[in-house]
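K.L.:
Listed below, chain by chain, are the residues.
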Amino acid sequence: MASHNVARATTALSAQARQKEIRQIEQYRSLVDEVNRRIANKDFTGETLQLTAKLLSENPEYYTIWNHRRRILLHAFDEAEGLDKDTSKSSNEPLPSPAALDHDDDPAAAGGTPHKNEPAPPASNTEAQKESSLLIQEDLTFLLPLLKAFPKCYWIWNHRSWLLSQATQRLSISMARTLWSNELKLVSKLLSIDGRNFHGWGYRRTIIGALESPPRHLNTNPASSVGGDGASSMLESEFAYTTQMINTNLSNFSAWHSRSRLIPTLLEQRSASRGERVAFLEAELGMITNGLWTDPFDQSLWFYYAWLLNNVLPPERGSENISGNSNSSSSELKRRIVPDLSVHEATDILSREIDNLKDLLDDTRDCKYIYVALLTYTPHLISLRGRRVGEGRGGLMAEGDELTAGREARNEEVDDKEAMRAWLDELMKLDPLRRGRWMDIRKGLES
Amino acid sequence: MESLDGTNWDVVIAGTGIQQSLLALALSRSGKGVLHVDRNAYYGGAEAAFSLQEAEEWVEKVEKQGGVDTYFSHASIRKNLEHTGEKAGLGPSRAYTLSLSPNLVYTRSTLLPVLVSSRCTANEQLGFQAVGSWFVYSGWAAPGDSDTSTTHIDSHLLRVPNGREDVFADTTLDLRTKRSLMKFLRFVGEYENQPEIWEQHRKKAFPAFLLDQFKFPTASHAPLLALTMSPDPPSETSTEFALPRIARHLRSIGLFGAGFGAVIPKFGGLAEITQVASRASAVGGGVNVLRNGARGVNYKVQQTPTRPSEGDAQRNLSEPGSGDAQTALIVQLDGGETVYADWLVGQDADLPLATQKYTIGSKPRRPSVALKSITIVDSPLSSLFPRTSDSSPQPAGAVVVFPSRALSSDQATDTSPETPPVHVVVHSGDTGECPAGQCVLYASTALPASSGLPLLDSAIVALLVGVQEDPKPCILFSMQYQQQSGDTSSVAAAAEDSPAAARVLQFPSPDLDVVLSDDIVSNVETAWKGIMGDDAVDFMRFEARDGGGGEEDEDEGVSYGPP
Chain A
582 MASHNVARAT
592 TALSAQARQK
602 EIRQIEQYRS
612 LVDEVNRRIA
622 NKDFTGETLQ
632 LTAKLLSENP
642 EYYTIWNHRR
652 RILLHAFDEA
662 EGLDKDTSKS
672 SNEPLPSPAA
682 LDHDDDPAAA
692 GGTPHKNEPA
702 PPASNTEAQK
712 ESSLLIQEDL
722 TFLLPLLKAF
732 PKCYWIWNHR
742 SWLLSQATQR
752 LSISMARTLW
762 SNELKLVSKL
772 LSIDGRNFHG
782 WGYRRTIIGA
792 LESPPRHLNT
802 NPASSVGGDG
812 ASSMLESEFA
822 YTTQMINTNL
832 SNFSAWHSRS
842 RLIPTLLEQR
852 SASRGERVAF
862 LEAELGMITN
872 GLWTDPFDQS
882 LWFYYAWLLN
892 NVLPPERGSE
902 NISGNSNSSS
912 SELKRRIVPD
922 LSVHEATDIL
932 SREIDNLKDL
942 LDDTRDCKYI
952 YVALLTYTPH
962 LISLRGRRVG
972 EGRGGLMAEG
982 DELTAGREAR
992 NEEVDDKEAM
1002 RAWLDELMKL
1012 DPLRRGRWMD
1022 IRKGLES
Chain B
2 MESLDGTNWD
12 VVIAGTGIQQ
22 SLLALALSRS
32 GKGVLHVDRN
42 AYYGGAEAAF
52 SLQEAEEWVE
62 KVEKQGGVDT
72 YFSHASIRKN
82 LEHTGEKAGL
92 GPSRAYTLSL
102 SPNLVYTRST
112 LLPVLVSSRC
122 TANEQLGFQA
132 VGSWFVYSGW
142 AAPGDSDTST
152 THIDSHLLRV
162 PNGREDVFAD
172 TTLDLRTKRS
182 LMKFLRFVGE
192 YENQPEIWEQ
202 HRKKAFPAFL
212 LDQFKFPTAS
222 HAPLLALTMS
232 PDPPSETSTE
242 FALPRIARHL
252 RSIGLFGAGF
262 GAVIPKFGGL
272 AEITQVASRA
282 SAVGGGVNVL
292 RNGARGVNYK
302 VQQTPTRPSE
312 GDAQRNLSEP
322 GSGDAQTALI
332 VQLDGGETVY
342 ADWLVGQDAD
352 LPLATQKYTI
362 GSKPRRPSVA
372 LKSITIVDSP
382 LSSLFPRTSD
392 SSPQPAGAVV
402 VFPSRALSSD
412 QATDTSPETP
422 PVHVVVHSGD
432 TGECPAGQCV
442 LYASTALPAS
452 SGLPLLDSAI
462 VALLVGVQED
472 PKPCILFSMQ
482 YQQQSGDTSS
492 VAAAAEDSPA
502 AARVLQFPSP
512 DLDVVLSDDI
522 VSNVETAWKG
532 IMGDDAVDFM
542 RFEARDGGGG
552 EEDEDEGVSY
562 GPP
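Chain order of the listed sequences is A and B. According to the working numbering, the first sequence is numbered sequentially starting from 582. According to the working numbering, the second sequence is numbered sequentially starting from 2.
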């Protein structure tokens, strides 16, 4: 692969530059040795912390050092909380074990048990909390320039998440909430610089999750189940945010994906009626159609389109949609935009969409995605039509009509298969590298 | 100040227009003795910017000159003395900076990199602001109550989509049109690589090309024509003219920041650049003199050069004439002084009595005459300056194009004469050219004064209706003038075929294109090369002067404000 056809430029360094580089390497190596030695000696002092900061600023990808840094911080948190034991103020909860280096997803380490006993948040911040808060905020500040310089480094985002989860555990609700809100502002700023950074988008979901979900009890009203009004409006604003990012750049895969993740919960939260849900589906289809007509060459639009149509296609045993997931489980069904879409409605929608795609094809003959979509969904339409005819039985249609409907469906099927063969021919020309796949589909047609 | 009489110079530059000023800038580090004169009392020449008072004085002067040795004629001012209403009226004279050259500068122009590399943009000497949106006027005119007035009906301004996301968001286009538009935009972005689609149609009128090759209905041509900023009506705008201009527009978007592709210099257009350039020239040892032009120039017969000749006439001629009597030119100034120079450079209006010149950039230019107007209105016209996205800067400029026939009252038929389009560049108070809450509208059309003036007036009125503001914006001040782009001097000069042979270099007269042409920089470079001869290296590439902020930041340069 070697850098995608860009020849590697080997520049010979001048003797001076070479010397400089050798010195830099030596300095770096000795720094690494120093840090590792200290950790081995369990020297978890502030000095060691400083050294890890220096090292990580140069090489943030050295993830082991991030781990060491966390060990140092945990040690510091422990010490801070040790202060409380000496004071008359009641301490909050038993401390998580310093050896538990796993982060927030581990319920035991995150103090799942203590929260059950938690009657109410402390009236004022304890000394330990103030100290821990300072440590956390300092680390967050340290991370900030690194994050800007290396916005795609997993370990920096990871460490940030860890810091925030520590905040949730150890600090008062209001302190933690402030930190999480600031995170939202920060990630918005980073996404305005690079709207397609999936780390940022994933982090947004983490933040929303933290600010909303009961286990973290960061809701302003901990007694409520799905959060008070303050928290619920976050879904709406997040949804609006995806709209805004899409309007800024249609090719934002992350924005479309986020949108698809938000919609089921959003509709639930809105307590949307069936009519509202259908209207919502139609509106989304309208929007994506607008996008597809504007730029059918943009793949991100097709992904979202596929997700939307999966909300329409009836679940079939053993069926797989484009992303390869089976959509037959009942919980999946509940998360659809219109969970009880009838076969009749589905057929109408799919039929309309396929007509729309054919229209688009008339206008733009050299876009392979249109052909692929038509090939993907036409078989579904055929089967849906068949089912509709099938459901026509059982007294809803007079016998003559039934036969006519059946014959019409079969004729349509013949036409459709003819069309599919023509589309496959085009694809052979447009995308010869996938010849094998097109031949395969073709074989499937003949059966 | 000591008298100039009898002094020796390497270069005398006549006129402080943009080309001359950039030449002075280019020479500012060369060590050459440069005398830069201008017969006006202000910098900028045909690209100057004026306060209200200065504008009035200029109009008077133009009328007095009667079109002689000047590009301007038919100048007049109308002030609205009975302005009433809650909004502030016309402010003090110095609150305004009205530019004679409110050109748009595309981010993909040659001017901007040159300004950066010559350190003109360092230390915030120059600021540039975004031109955000292009609008096309839509509506029609009905004859009004009196002979001269028309009523504008259903006037509105349609924003021109700048790219894919704009097309997506546009609610006025149907899906088929969006597809066609996108197909065309895609093609234009790379039109050089697809000659088979357009080469054979290059001379064809652009609307015919759109219709035939892209099935683009005539009703949808206006936005694309607006992007060409063509001074001619659609049927006279050729495909080979239109394609590069649209391509430049599209390729410029996003280059310096999201959501815009063109900028305007703050504080009065090119005038500010001439000031900065002249300042730089002075710092480099040049001498600037106003109120003193180059009235005439004589040619001294060549004497035997002191250095052994190598048969290369050019080399001999580029020796500086410091001290000894080897100078080639004797230049008479307006004030009566006589100076000696190796080179004399200016535009033809600055060199009225030169008899032998080398003409730089001589292709005929369109349009050859234009009527321009400057109008001050009492509204910020906010609807014209939307921010295109969160990360784009607040624009300070907007373009409104009135397509051919959009202002005529025989809209119903296509038989009304095809008038040229009207281009209006709107500057908000953020440019520093007028108080906040007001705007300056610069309009132009490729017509002489008699037919152009009613058209421009009509355009401004239609625009103020089209923004659909309540109360309707009022005109506080309006100034108009005719400008021609051809040579004006009455003396027929013999054309020389090389700079070195002529020693008198003539820059072309000011271009009437609303968009700044890259020719300006290449003309300056031609002159500079002629003067520098073999020493012509690193055009406009300067180091920071000692202590002058050693910023090595490569991104520094063009600053935008306000954020």
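A portion of the hints provided could be inaccurate.
The calculated label-pair distances, taken between Cβ atoms and stated as ranges, are [to be verified]:
| # | chain 1 | residue 1 | chain 2 | residue 2 | range |
| --- | --- | --- | --- | --- | --- |
| 1 | A | Asp1021 | B | Glu193 | 38 to 46 Å |
| 2 | B | Gln195 | A | Asp1021 | 31 to 39 Å |
| 3 | A | Lys733 | B | Leu176 | 33 to 41 Å |
Straight-line Cα separation of at most 27 Å, DSSO-like style, residue types lysine-lysine; simulated pairs [said to hold, decoys possible]:
| # | chain 1 | residue 1 | chain 2 | residue 2 |
| --- | --- | --- | --- | --- |
| 4 | A | Lys939 | B | Lys62 |
| 5 | B | Lys184 | B | Lys216 |
| 6 | A | Lys1010 | B | Lys204 |
With the C-beta cut set under 10 Å, the calculated list includes, among others, these residues of chain A facing chain B [claimed, not checked]:
| # | residue |
| --- | --- |
| 7 | Asn778 |
| 8 | Glu817 |
| 9 | Ser841 |
| 10 | Gly872 |
| 11 | Gln880 |
| 12 | Phe884 |
| 13 | Asp936 |
| 14 | Leu938 |
Hints were generated in silico from the structure; no laboratory data involved. The C-beta atom is built at its ideal place from N, Cα and C for all residues, glycine as well.
K.L.:
For each hint, tell me whether it holds in the structure or not.
P.N.:
Each hint tested on the structure:
no., hint, verdict
1, Asp1021/A <-> Glu193/B: 38 to 46 Å, "40 Å, holds"
2, Gln195/B <-> Asp1021/A: 31 to 39 Å, "35 Å, holds"
3, Lys733/A <-> Leu176/B: 33 to 41 Å, "36 Å, holds"
4, Lys939/A <-> Lys62/B, "67 Å, violated"
5, Lys184/B <-> Lys216/B, "11 Å, holds"
6, Lys1010/A <-> Lys204/B, "34 Å, violated"
7, Asn778, "14 Å, violated"
8, Glu817, "18 Å, violated"
9, Ser841, "18 Å, violated"
10, Gly872, "6 Å, holds"
11, Gln880, "14 Å, violated"
12, Phe884, "16 Å, violated"
13, Asp936, "13 Å, violated"
14, Leu938, "12 Å, violated"
Taken one by one, the earlier hints fail for this structure at numbers 4, 6, 7, 8, 9, 11, 12, 13, 14, listed in ascending order.
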